[in-house]
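Asker: Sequence:
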Amino acid sequence: MLRIATFNVNGIRATQRRGFEAWLARRDCDVVALQEVRCPVDALPDGVFGEYHLTYDAGTAAGRNGVAVLTRARPAAVRSWGAGVLTRAPGDGHVELAEHESRGRLARELHAFAAQGRYVEVELAEVPLTVASLYLPKEALIFFVPRGGVWLG
Numbered sequence: 009m010l011r012i013a014t015f016n017v018n019g020i021r022a023t024q025r026r027g028f029e030a031w032l033a034r035r036d037c038d039v040v041a042l043q044e045v046r047c048p049v050d051a052l053p054d055g056v057f058g059e060y061h062l063t064y065d066a067g068t069a070a071g072r073n074g075v076a077v078l079t080r081a082r083p084a085a086v087r088s089w090g091a092g093v094l095t096r097a098p099g100d101g102h103v104e105l106a107e108h109e110s111r112g113r114l115a116r117e118l119h120a121f122a123a124q125g126r127y128v129e130v131e132l133a134e135v136p137l138t139v140a141s142l143y144l145p146k147e148a149l150i151f152f153v154p155r156g157g158v159w160l161g
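Throughout, our numbering is defined as the position within the sequence shown, counted from one, plus 8.
Derived by calculation from the structure, the hints in this document are not laboratory data.
Just so we're clear, the structure is a prediction, and the values are computed from it rather than from any experiment.
Any given hint could be a false lead.
What the hints assert, rightly or not - Across the chosen pairs, the derived CB separations fall in these ranges: (1) Ala70 with Val135: 33 to 41 Å; (2) Met9 with Ala69: 15 to 23 Å; (3) Ala133 with Arg26: 25 to 33 Å; (4) Gly19 with Pro98: 32 to 40 Å; (5) Glu29 with His119: 33 to 41 Å; (6) Ala51 with Val135: 15 to 23 Å; (7) Ala33 with Leu142: 24 to 32 Å; (8) Val135 with Trp31: 22 to 30 Å; (9) Ala85 with Gly27: 28 to 36 Å; (10) Val135 with Asn16: 22 to 30 Å.
C-beta: ideal position from N, C-alpha, C; glycine also.
Please build the complete structure, drawing on both the sequences and the hints.
Answerer: Below is the structure:
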C-alpha cells in the first residue's frame, strides 16, 4: 500500500526547527506533498528532506508560497504552472532550476498565479499515479463556490 501525506509547512526553515525531519521519518511515507515551503531554492536547509527526491516550485516571490512533492523514487515526469522547478535526488545539493512540461492551458483567472509557486505535480515511476501539490490562491479570484455548491460571480 502506498502511503501519501500532505502538509502545509508554513515555512520549511521554521518547520525544520520544530522537528520536521523527525516527523517525516516517523510517517515513513512514499510521497509527501508540501505547501507554503516559503524558501528560495538556494536557501533550502541541508538534509531536511532526508532520503526523498525533491520536486520544488518556489515561485518568484521570495518568502511566499512554494510547493513541493517528495518521493522515494525519482519521478517519471514533472509538471508545473511555472517555468522553473527544482528537482534533486537525496544528498544532492544543486540549486539549478529546470524547465518542465506545462499541463494544458490555465484558466484566464489563474494566469496571474502561474509564477507564484502554487502548483507542481509528479508522475510516480513505480506505480501509475500522478500526485500534485497545490496551494490555492485565496485572493483576487473572480469566481468561487461557497458552502452549498452554488457558483457565484
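Asker: Does each hint fit the structure? Answer for all of them.
Answerer: Checked hints:
1. Ala70 with Val135: 33 to 41 Å: holds (35 Å)
2. Met9 with Ala69: 15 to 23 Å: violated (37 Å)
3. Ala133 with Arg26: 25 to 33 Å: holds (31 Å)
4. Gly19 with Pro98: 32 to 40 Å: Cβ of Gly19 to Cβ of Pro98: about 22 Å, so the range 32 to 40 Å is violated.
5. Glu29 with His119: 33 to 41 Å: Because 37 Å falls inside the window, the suggested range holds.
6. Ala51 with Val135: 15 to 23 Å: With Cβ atoms ~33 Å apart, the hint is violated.
7. Ala33 with Leu142: 24 to 32 Å: Holds: the Cβ-Cβ distance is about 25 Å, inside 24 to 32 Å.
8. Val135 with Trp31: 22 to 30 Å: Because 24 Å falls inside the window, the suggested range holds.
9. Ala85 with Gly27: 28 to 36 Å: With Cβ atoms ~32 Å apart, the hint holds.
10. Val135 with Asn16: 22 to 30 Å: holds (25 Å)
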